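Hey, can you work out the whole structure from these sequences and the hints?
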Amino acid sequence: MATKLEQTTGTGTSLRDDICIMVGGQGGDGSLTVVNLLGRVFRSIGLNVYDARNVLSRIRGGHADGIIRASVRDIFSTGDQIDLLVAFDEEAVQAGISELASNATIIFDSSKGELSEKYRKAGFTIFSAPLGNMAALSLRKNIFKNTIAFAVLGRVLGIDDTLLRDVLRARYEHRGKEALEANMKALQIGHEFANQSIKEGPYRLRHGSNDGKILATGNEATAFGFLVGGGRFFVGYPITPATDIMEWLAPRLPKFGGVVKQAEDELAVINMGIGAAYSGARVMVATSGPGQSLMTEGVGHAGQAEIPLVVVECQRVGPSTGEPTKNEQSDVNHVVYASHGEFPRVVVTPGNAAECFYMTADALNLAEKYQLPVFILLDQALCQNSQCIDPFDIGAVRVDRGKLLTETDLAKMETYKRYLITENGVSPRSIPSQEGGQCQVTGNEHNEFGLVSVDKMNRLRMMTKRMKKVEMARAELPRGVNFGKADAKFGIIGFGSTYGAVVESMEQLSKRGVSTRFHQIRTIYPLLEDDLNAFADPLERIFVVENNYQGQLALMIRGVLRRNERIDSITKFDGASFKPKEITGAILTAAQSKRNEV
Amino acid sequence: MKCDIAMTRVVSPISPIWCPGCGDFGVLASLKKALSDLQIRSKDTVIVGGIGCSGSIHNDLECYGIHSLHGRLLPTAVGIKLANPRLTVIAAGGDGDGYAIGVGHFMHSLKRNPSIVYIVMQNGTYGLTKGQPSPTAVVGYEGNVDMPFDAVLTALSIPSTTFIARGFSGNQSQLTDLMKKAILHANSNLGFGFLEVLSPCVTYNDTYKEWREEIYDFDAEKGYDPKNRVLAFSRASELVSQKRIATGLIYTGTAKSLETNSLNSEVPMALQDISLPANIPRYEELLRDFR
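Quick mapping for you: the protein sequence lines, in order, are chains A and B. Quick note on numbering: our numbering labels position 182 of the first sequence as 185, and the sequence is numbered without any gaps. Quick note on numbering: our numbering labels position 148 of the second sequence as 160, and the sequence is numbered without any gaps.
Source of the hints: derived by calculation from the structure; they are not laboratory data. Computed from a predicted structure; not experimentally measured. Each residue gets a CB set at the ideal place from its N, CA and C atoms; glycine is no exception. Nothing false has been slipped in among the hints.
Not the full set, but computed from the structure, chain B residues with beta-carbon under 8 Å of chain A:
#1 Thr20
#2 Lys55
#3 Cys75
#4 Pro87
#5 Ala95
#6 Arg98
#7 Met281
#8 Ser287
Taking lysine-lysine pairs in the DSS-like style, the calculated list, with each CA pair at most 25 Å apart, reads:
#9 A:Lys115 x A:Lys144
#10 B:Lys234 x B:Lys193
#11 B:Lys255 x B:Lys234
#12 B:Lys268 x A:Lys258
#13 A:Lys488 x A:Lys584
#14 A:Lys420 x B:Lys44
So this is what it looks like as structure tokens:
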């Protein structure tokens, strides 16, 4: 073959303990497959990985890319910059260029022509080769270019050929002999090709020691937490970015005697969920903002009728159809204030996949102990980005069904009242099929038996009983986690996927001489104001970091802090997650202005 | 069957909220008689009410009752049944509830064939809100210009329907018979027992007289074969064009029920042991999917 791998610039080899790689092209080019393979490679050498995908809301075509970062440390963000870009076309370079490090490396597929001069910045190392043409020529299919690129990547990263072969084999050995052989051949072509010009790749990776870690997205962890927490009925309607939860459960839940039901719309979803929960099953539904809009009436109904239900809300860019595949945290108000009227609810906000698992299992307990709807508020990045975490400690999960009665309990009662007024507001609950538990359950205001009532005294007693449950639950709601130095002057508050970027930003700030504390909120409704005040009291300034325009969390926090004049919002609403440097920059600017004031 | 005598005092049924002469009284009486004749235990019966006058029927029986949101009684009932298929689940609401705001769920229930009974008390009006035209209102009623919706024809047009009947609250013995058949159909896991009942609103749309004249009773026709879907559709459709209303057991067929298609556990979801110790080893196996 006449083609040679063309290398421009390039300066020696750097040893990295942290690297971020973007692989991009048209949808269907196999970019995400390369990201997936790289993940396997990195984890084999003990590195933690975090990956993110940037896809359009369409099945094929259009620009698509995946980003994978590997590090010897725990990471929960894609970091600040891309070190290495694999581009199957020029559009991918255009998509990644603004995030490329000044000394980035580009592996470019030149099948459709060389990379334009405007992208060839000084400092870049560019490996250019007609990957697609090579694949088509040798293997008759353009698609194998991604495996050829994977081989070249191996050399660029200084990774042992054997490891690449093992990883590729593991992926394709169950997909038929033909696929396996073709991919192994493509790998070989890539390696031979790289031999011609890459003597020593620009990177070497330090090996890590994450051997015991697992890889999970927030959605997968949420789904698994539901199962382990005793969840047996999941009902959903396909919606990005929540669908993965249903997809994960669909083949698994039935093996545990459970059911995954895809309903005709979200109205059916929430009401089917209510029916099954009333019947006695542990139930979860999952959706995104648009679906939550449709479920809203049902959530209020569950609150009023005191039906235990867990609702996962995977936020994406809104309103309306918004940007289905992009990240945002703009549904805080939407779930905290969802539905007309007033009813008790809890909204929890895990910050990483591990928390998704434990907090989902616990949300089922909260829902059943306090007989109310519990929201798990996630965001697209947390839902769909894979991260390395410690294995789920299944033994640590508890199943607490609260005041769920047995027939024996009922037989001992003189009178059974479904909505009995009790000290903590929670009434013992019967389920259909239990003798002596017959009752009426309704969203109308009702008396203790569940019969419709508009009596004023009854209304007061019933409202108080229901609303009281939130206060009674408060002591066992997931508390925020504090990070950083106790004597810091600056505080950061955030929730959900911003966790990863904030933690890294704190290190950057520390290097710049600014010490910070971070309070990661894990219950956003009710806000645990004692914890928030304890965190905030010693601080001079507090930055609330969130992916929305209005600063919805900041506004809520203002309502509960004793001294709220110190609150600033750091918001982002362009569909992308925060980068650590963006938070760092905003806080440094504020710190600077503070000094100027003084 | 073991007869449990509950010592625990539970909710007592209330008197219906309906106007004297309301067709829904007939529906309630037939339902009570059907449940009693079939010896279905109160503890195993769940009535799911919709919103509207008819949607209060669950308050008038001594069994488990749940009042759903407007239009959402079918998904609620399906959820209840999936979680515990041993229950007798009867959804009962009006035609505004079922054919207007909840019509999407009606279509999908017809398609899905869940083993529940669905009683629609059809009266051509929204009585509780004082007489607006409902989806079954005739042209001219309270300014209505839309053609009335015919749920029987709709149900017949969906290939997986298995039980379609229409009764009249003015004909108690037939109505009770149809209810028993619908309940037995559902409780035999054969699928969706759809029973529309002509149940006049004496206050806003008193149609007793018209309906008595318009009814054509298939049950009374010798040789009518309810197993022939094409014939059933053709006959029911012909009656509509003659401004007549088909009643009786209009169609029965076979299709797998939702429960047959969805459930694989002997023990209902609602009654399973979901405690951690019972399941830990199998959960641990799933951890491998995250390696």
